[in-house]
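Fit chain B to the given chain A structure using the hints.
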Amino acid sequence: MTDTSEAPPVDGVPVTIDGVEILAAKGELIIDAAERNGVYIPRFCYHPRMEPVGMCRMCIAEVDTGRGPALQPTCMLECTPGMVVHTDSEVTKKAQEGVLEFLLINHPLDCPVCDKGGECPLQDQAVSHGPGESRFVEEKRHKEKPIPVSDLVLLDRERCILCDRCTRFAKDVAGDPLIHFINRGNNTEVNTFPGEPFASYFSGNTVQICPVGALTSSDYRFKARPWDLEKTESTCTTCAVGCRVSIESSRNEVLRYQGVDIDPVNWGWLCDKGRYNLAALDSESRLRDPLVKGPGGAFEVARWSDALRAAANAIQAGLDAGGPGAVAFLGGARLTNESAYAFTKLAKGVIGTDHVDCQLADGMPAEAVLGLPKATIDDVCAPGGTVLLIGPDLKEELPVLFLRLRHAVLRDGVRLVQLTSVPNGCSSLASVVLQHRPGEAHEVVRALFADIPAGRDGGGVNPQALDQARALLRSAGDPTAILGRQSIAEGAEWVLDAATALLDAAPATRFLTAVRRGNTHGALDMGMAPGLLPGRATLAEGRDWFAPRWPTVPAAAGHDAVGILQAAAAGQIHTLVLLGADPLTDFPDRQLAARALSTVPNLVAVDLYITESVQHASVVLAAAGFGEIDGTTTNLEGRVSVLNQKVTPPGTARADWEIAAELALRLGSDLQVESVDDLRAEMAELAPSWAGVTDELLFSVDAADGVVLPLPTATATEPDAADADAAAAEGQSAAEGEAGESDADTPAATGPVRPGLVSFAGGEPLDPPALDAYSLRLIATRTLYDQGTFTQLTPSLAGLAPGTVLRVHAYDHDRLGVPSGTELRVKTPIGSVRAVVVTDPAVLRGTAVAVFNQPDVPLNELIDATQRVTDVRIEAGDR
Amino acid sequence: MITDVEPIITARFDQPDAHTIDGYERTGGYQALRQVLASWSPARVAEEIKDASLLGRGGAGFPAGVKWGFCPPGVWPRYLVVNGDESEPGTYKDRLLLERDPHQLIEGVLIASYAVGAAQAFIYIRGEMALAQERMAQALNDAYARGYIGKNILGSAFSIDVVMAWGAGAYIVGEETALIESLEGNRGMPRLKPPFFPAAKGLYMQPTIVNNVETLSNVPWIVRHGAAKFTALGAEASKGTRVFAVSGHVNKPGVYEVEFGVTTFRDIIMDPAYAGGIRDGNQLKCFIPGGASAPWFFEEHLDLPLEKGTVDRAGSMLGSGAIVVMDHTTDAVKACMAVVRFFAHESCGKCTPCREGTTWLERILRRILDGYGRPSDLDLLMDVADNISPGIAWPPKQTTICPLGPSAVSPLSSALGRFRGEFEAYIARAEAARAEQPVVLAGAHAHAHDHGHDHDHDHDHGGHH
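So the protein lines, in turn, are chains A and B. Numbering of the first sequence is given in this note's numbering, commencing with residue 7 and proceeding in unit increments. Numbering of the second sequence is given in this note's numbering, commencing with residue 16 and proceeding in unit increments.
Hints in this document: simulated from the structure, not taken from any laboratory. Any given hint might turn out to be false.
[Said to hold, decoys possible] EDC-like cross-link-like pairs, simulated, lysine to aspartate or glutamate; straight-line CA separation at most 20 angstroms:
{"id": "1", "chain 1": "A", "residue 1": "LYS99", "chain 2": "A", "residue 2": "GLU41"}
{"id": "2", "chain 1": "A", "residue 1": "LYS99", "chain 2": "B", "residue 2": "ASP398"}
{"id": "3", "chain 1": "A", "residue 1": "LYS229", "chain 2": "A", "residue 2": "ASP116"}
{"id": "4", "chain 1": "B", "residue 1": "LYS412", "chain 2": "A", "residue 2": "ASP94"}
{"id": "5", "chain 1": "A", "residue 1": "LYS32", "chain 2": "A", "residue 2": "ASP94"}
{"id": "6", "chain 1": "A", "residue 1": "LYS99", "chain 2": "A", "residue 2": "GLU139"}
{"id": "7", "chain 1": "B", "residue 1": "LYS216", "chain 2": "A", "residue 2": "GLU57"}
{"id": "8", "chain 1": "B", "residue 1": "LYS244", "chain 2": "B", "residue 2": "ASP19"}
{"id": "9", "chain 1": "A", "residue 1": "LYS100", "chain 2": "B", "residue 2": "ASP401"}
{"id": "10", "chain 1": "B", "residue 1": "LYS412", "chain 2": "A", "residue 2": "ASP70"}
{"id": "11", "chain 1": "A", "residue 1": "LYS380", "chain 2": "A", "residue 2": "GLU41"}
{"id": "12", "chain 1": "A", "residue 1": "LYS100", "chain 2": "B", "residue 2": "ASP394"}
{"id": "13", "chain 1": "A", "residue 1": "LYS177", "chain 2": "B", "residue 2": "ASP66"}
{"id": "14", "chain 1": "B", "residue 1": "LYS412", "chain 2": "A", "residue 2": "ASP862"}
{"id": "15", "chain 1": "B", "residue 1": "LYS216", "chain 2": "A", "residue 2": "ASP418"}
{"id": "16", "chain 1": "B", "residue 1": "LYS216", "chain 2": "A", "residue 2": "ASP178"}
{"id": "17", "chain 1": "B", "residue 1": "LYS208", "chain 2": "A", "residue 2": "ASP70"}
{"id": "18", "chain 1": "A", "residue 1": "LYS833", "chain 2": "A", "residue 2": "ASP862"}
{"id": "19", "chain 1": "A", "residue 1": "LYS229", "chain 2": "A", "residue 2": "GLU259"}
{"id": "20", "chain 1": "B", "residue 1": "LYS412", "chain 2": "A", "residue 2": "GLU96"}
{"id": "21", "chain 1": "A", "residue 1": "LYS99", "chain 2": "B", "residue 2": "ASP401"}
{"id": "22", "chain 1": "A", "residue 1": "LYS32", "chain 2": "A", "residue 2": "GLU84"}
{"id": "23", "chain 1": "B", "residue 1": "LYS208", "chain 2": "A", "residue 2": "GLU34"}
{"id": "24", "chain 1": "A", "residue 1": "LYS100", "chain 2": "B", "residue 2": "ASP66"}
{"id": "25", "chain 1": "B", "residue 1": "LYS216", "chain 2": "A", "residue 2": "GLU84"}
{"id": "26", "chain 1": "A", "residue 1": "LYS229", "chain 2": "A", "residue 2": "ASP178"}
{"id": "27", "chain 1": "B", "residue 1": "LYS208", "chain 2": "A", "residue 2": "GLU139"}
{"id": "28", "chain 1": "A", "residue 1": "LYS237", "chain 2": "A", "residue 2": "ASP178"}
{"id": "29", "chain 1": "B", "residue 1": "LYS244", "chain 2": "B", "residue 2": "ASP66"}
{"id": "30", "chain 1": "B", "residue 1": "LYS208", "chain 2": "A", "residue 2": "GLU84"}
Note that the structure is predicted; figures quoted are calculated from it, not measured.
Chain A on its own, in the form it takes in the complex (with noise of 0.2 angstroms):
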């Protein structure tokens, strides 16, 4: 037989190194062809994720050209057919190690008190590649040490040796060039301009990439040796885009997460909150064992069982007054994937309600996160593709997401048209900015594909910028589209009219679904909304399949956040419980929430804080956090990976899916799951969506970067039709076999088929409602940093919530007759506020900007859930 899989490919470049003829893959820099071949060639300025700079000097090797052999830098030379490279000649190395020297010559050797020592890539190769010893006698440069180049990053000019990956990620990757090389030759320095620090939302990742221990985080610096720390591979769970991280801990706590390199996510990048946010498991505020209140209305630390038995009691109390729709749930997005199951299976299989949401109001209904025809962030990013982004600023809510876009922007000629009711971070990198009015976008997309009809202005959008963008998307292929919520204070059905009138016009269009916290994707997976099952069936497709398989299915489709908690303050529901929700903060209408919560008559909370609105639940059970327990999360793409356990919960606290069992059995149910091994096992059955995602898979090396859901059909049927043929070639029928176990949905098998996934419907789009004379329709973004449990939590992070002014178009503020910058009342049917108020040219007339969950203005005391938009009116004679 012949065997031609061992034939080098059409496009392979044939090059020597060290004597051994290998096959170099086409643009492939000598560098990598040969670490690939398992040569490494040393190096420090060098970043497979970065353009290369040839600085350092370090990976110089004797090329030959066939011109004869000259020194070359290895990571600036592309493999040439024919090239025959020397990485351990004689002249390579004496250059090599001569780049040594000159790199130690100046370099502190405080390698014991070094945070890099023991990882640190100058002290292996200097083991490893270098002369032994050095020949300096002089005084080596002596500079201020530390110096803080940001709240979160201190800087050992001694120690730099001047790579300029620092340097080029904050300029090229980040596109926050605020650290710079400064002053020139033996003098020059890394450094930030006088009174600018390197404010970037990135920063952590310089500390990651330097090659030596010059940059150091303010919150792990001397916390441990590297050879001390134990490390595992997980998923950041902070928001949606799930970068891989690694969890690193020692004795038993967590000390920094690293980012790992991924390509289909986040190609090694973190942003600070994620990277630093680890502070906050470790709080004092952490809750370690359960509370319930006792009779004086103070917390008391209880037992689990009477803890558990005391929720129990609370969903039972809810219960008997008024049947499963008593019962809510709200909240879930912080959970692993097996959590989710685990609630959602007490609560609509056992519990029998379908009051439940993992979202509160904030994000986007499961009909579009599920439903939409999807799209990864490579298909976003793939190079030469036009995006429309109608949604949130990702460089606030979704940090690494917008690396991914900028990088695609810059260097992969992606084209961006953004629709937006206000500029923000994403919009430097747009092609076109379309700047409509609030509730519009739908308008807008209309309006790039045909004539805007009469008596109608496309949402307002400058004529000429969409006349730029409809050439734009003419000349383009199918678009794909980041779609979410640019404002909590308008509603979220504004989104969904965009994403119909956009597969109206553009069929072909695939979606991303920029939905913002953690595990919302696989919440919703998981079935954790109104009207949803597990596996993206909706109940009323789904209710044959999981009736004979739980206890019992939800008679109808629930509320809901908004209605749960209408209901609760209505009185309708009489026990709430919290899953890892804080409605008080991050409800967008604080008044509804504050009704609701005081009303219930049973709160429950599982959290792992006593936030604000746990503080009024009746029994608080302590949950586990990331890197506590094991389990599986999903991103916003709907890819599923794995989360490892690094370290034990504090206390008594447990896993949530532990607590969703033991609750189920003293409500009578088993929920039959002792491990999340078992409840992932239930799913794959189960949950359509999850169909062949077996833990082989899972944990295979094809998976080590997740796999995106549902699977290709091939491999998420191979089971059954093995089966199948398995049955047939045994002259049995299909039918003969355990039916209701595995082969459900084939046709010839007994009992309900497995429905199928959601799809997105759509609606018929409505016009916004008209906006008064006197009023400005308020636009509330949000920001990386805010009021949020994690950051506030997190000491380093806390202070860098930036507060927020109300920015108003200069028309509108001139009718004040105050000064811009004057503290002005904001207010609403339903509430206000005080407020600086500020013009900003880029501001819309007829819209009021502000940020989300900022501790200066309240915007939630402002916002009526209810309502699709939110007016506000400012008054300039109540100062």
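Just chain B, lined up with the frame of chain A:
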């Protein structure tokens, strides 16, 4: 051999108003441009310059006409950049060309731009050359006003803008890729070649031709008189005339235009028509034939002609046309130190061997001069040099990005090679002093610390400790 050749590019140096547009026009100025725009194709201009084998006058001596042909076909826009960042110690010919005959350069720039199809031309002038900048600015404005620059020049279809830019005081910006970085508004740091050969990926990543001031100043004359008349002058590969700046211990330091390739070092240093011999009747010790980067020449090299190939083969270069003469009173160690220190000071800091190595060389030399040398230091100097410029050969190899690092090696290898005894004498004195007073070693440490930083000011006080 001293030839009685008419100057080509310094012809107007004695004309007081040569820098004005009237003065220039009166002496045949812009005639070449008219001629080219009226009847020559760009290809013909390029051909003429190639035929003239006009070697680049910036240092590397690469034929300009060949360089013009390096732009990848079909890639637009292209740019022309004039390298007027003349900073090599002892080199001051471009400054005079800029100050005294700016229109000659502008005319050359326009013709060259026409030939290569440049969309815009940039004249980059060294930051310190205030008068040159002032005159060039005036000259550009005047040339615009008379229709030599701008839209549809002299009624032709040829349009171009020529702008002036100026440096901020970095020697390294004389390196063409660093100059391009500076033009783009970045720190003046060289780019790596490959892949950033300016003709392929230059200014704003577009094809860019970078030429020296003197090189382009020759272009109008060649166009007017023809390549044949140009190549009739000179010898071997070195055609036309060349301007040399002679300085140091000579009686008449100055800028002299001589026939290229035939005039010898002895002619230009000793002849009364030129530098007029060594000062005070002293003996020649050595001379730098082509700027501070060039290996030194000695008595035995005096009769070499100023011809590129000959000088290259003799182990040095004509480089930027700066001849620095040192007489027998010169302390070779201090002279070596002065040049090494210059390069250490001007190292941009981008690549490790240059940033660390040149300063290390300077500090070892400092130590030797200050009386703290050790016998092992001479081998150390050479080995550090070898790690910057492997083999210490000529032409130099380099572990660095650009030739600045190896430039610091040239004076060292020259001085140490020829005058090793002077270095050893310093060290011997130090050894002797140490033998008498061992405690002084503590002082060595403190002293090294004192001088641990930048040496901007001159403090060559070696030996008086």
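Hint check, failures only: 5, 11, 13, 14, 24, 26, 27, 28
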